[in-house]
Amino acid sequence: MFFHGTVVFLGTVVFLGTVFFHGTVVFLGTVVFLGTVFFHGTVTFTTVVFSTAFFNGTVVFLGTVVFLGTVVFLGTVVFLGTVVFFGTMAFRLVSGRELHDL
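In the working numbering, the protein residues as written are 1 to 102.
These aren't lab readings, by the way, just hints derived from the structure by calculation. All values reported here derive from a predicted model rather than from experimental measurement. We put the CB at the ideal spot given by N, CA and C, even for glycine. Each hint should be verified, as a subset may be incorrect.
Claimed, not checked - So the derived label-pair ranges between C-beta atoms look like this: (1) N56 <-> G87: 16 to 22 Å; (2) G87 <-> L10: 24 to 30 Å; (3) L16 <-> T76: 25 to 31 Å; (4) F85 <-> T6: 24 to 30 Å; (5) G11 <-> V66: 26 to 32 Å; (6) G17 <-> L80: 15 to 21 Å; (7) G87 <-> T6: 14 to 20 Å; (8) H22 <-> T82: 17 to 23 Å; (9) G23 <-> V84: 14 to 20 Å; (10) G17 <-> V78: 24 to 30 Å.
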């Protein structure tokens, strides 16, 4: 699936393959990713479950996020809810400092 522009999900979305987002993505329901996801832009989630995800841009979490794989953040991440990590996390903030060094 390739998205270029603005995407708004108002229900339940299940991705079973590879998803590329370029633009603004807003999730207002439950999203389950079972493949590889690449985000470039601004993403807002309420409830999300990831297996493998790569973020390049600004990510805002407004709900509960569960990571079941490897997640790499290359932009700014703001968590406003509950986050549970079950894999390997690598964060790179805008300042270039790694999150685990903070």
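Hint by hint, here is what the structure shows:
no., hint, result
1, N56 <-> G87: 16 to 22 Å, "holds, 18 Å"
2, G87 <-> L10: 24 to 30 Å, "holds, 28 Å"
3, L16 <-> T76: 25 to 31 Å, "holds, 29 Å"
4, F85 <-> T6: 24 to 30 Å, "holds, 29 Å"
5, G11 <-> V66: 26 to 32 Å, "violated, 19 Å"
6, G17 <-> L80: 15 to 21 Å, "violated, 29 Å"
7, G87 <-> T6: 14 to 20 Å, "violated, 29 Å"
8, H22 <-> T82: 17 to 23 Å, "violated, 28 Å"
9, G23 <-> V84: 14 to 20 Å, "violated, 28 Å"
10, G17 <-> V78: 24 to 30 Å, "holds, 28 Å"
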